[in-house]
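**Q** Sequence:
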Amino acid sequence: MNSIIEHELPGTQDLRDQLMDLISDQDLAYKLPGHNATLGELCEEMGYIQQVYIHSFKTFRQDWEYRASQPETTNSVASLNGWYKKLDAELYKVLSELSEDDVHNKQIDRGQGFMASPYVQFQIYHEALLIFYAKASIYLKALEKQFTNQWKEWIG
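For the sequence shown, the working numbering begins at 1 and goes up steadily by one.
It is possible that part of the hints are untrue.
[To be verified] Mimicking DSS-like on lysine-lysine, the simulated pairs with C-alpha atoms at most 25 angstroms apart in a straight line are:
#	residue 1	residue 2
1	K141	K86
2	K106	K93
3	K31	K106
4	K58	K135
5	K141	K31
6	K58	K141
7	K145	K135
8	K106	K152
9	K31	K58
10	K152	K31
11	K141	K152
12	K145	K31
13	K135	K31
14	K106	K145
15	K58	K85
16	K58	K86
The set of hints was computed from the structure by calculation and includes no laboratory data.
Computed from a prediction, not measured in an experiment: that's the story for all the values here.
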């Protein structure tokens, strides 16, 4: 077991799972004013971002155009949850296949000369999740949802 699996991955998706427990299918259609996505589209975007990172751990190259799957619909919490579970299983599998040496010494080409070890790449993915959670917080506030204690502690 490598250090990402042992120390970094556990709990990473907890807030996303809490988000999905807080919202309904109707909430997924909510759209903030202006040029904003619906909450469902925001959740779909995070799934696509997770796919890009999964693919980068497999190929050691980041490709923002990569799409392997999509949810059946973005207006169903159950559909998004099912998709997320599949993505989480893929992420765990690909990360489990990395040795500790790979985690720290292989390089992922992120483009434009930016190379990152899988360990750093995972940290960047974690930051993408935090950005998603911050965006989702705005929707939750607008929908007058109550934040979980962990959400309050991590995001505010």
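**Q** All hints are to be evaluated individually against the structure, with a verdict given for each.
**A** Status of the hints after comparison with the structure:
| no. | hint | verdict |
| --- | --- | --- |
| 1 | K141 to K86 | violated, 28 angstroms |
| 2 | K106 to K93 | holds, 17 angstroms |
| 3 | K31 to K106 | violated, 41 angstroms |
| 4 | K58 to K135 | violated, 28 angstroms |
| 5 | K141 to K31 | holds, 12 angstroms |
| 6 | K58 to K141 | violated, 37 angstroms |
| 7 | K145 to K135 | holds, 14 angstroms |
| 8 | K106 to K152 | violated, 36 angstroms |
| 9 | K31 to K58 | violated, 35 angstroms |
| 10 | K152 to K31 | holds, 23 angstroms |
| 11 | K141 to K152 | holds, 12 angstroms |
| 12 | K145 to K31 | holds, 15 angstroms |
| 13 | K135 to K31 | holds, 12 angstroms |
| 14 | K106 to K145 | violated, 42 angstroms |
| 15 | K58 to K85 | holds, 18 angstroms |
| 16 | K58 to K86 | holds, 16 angstroms |
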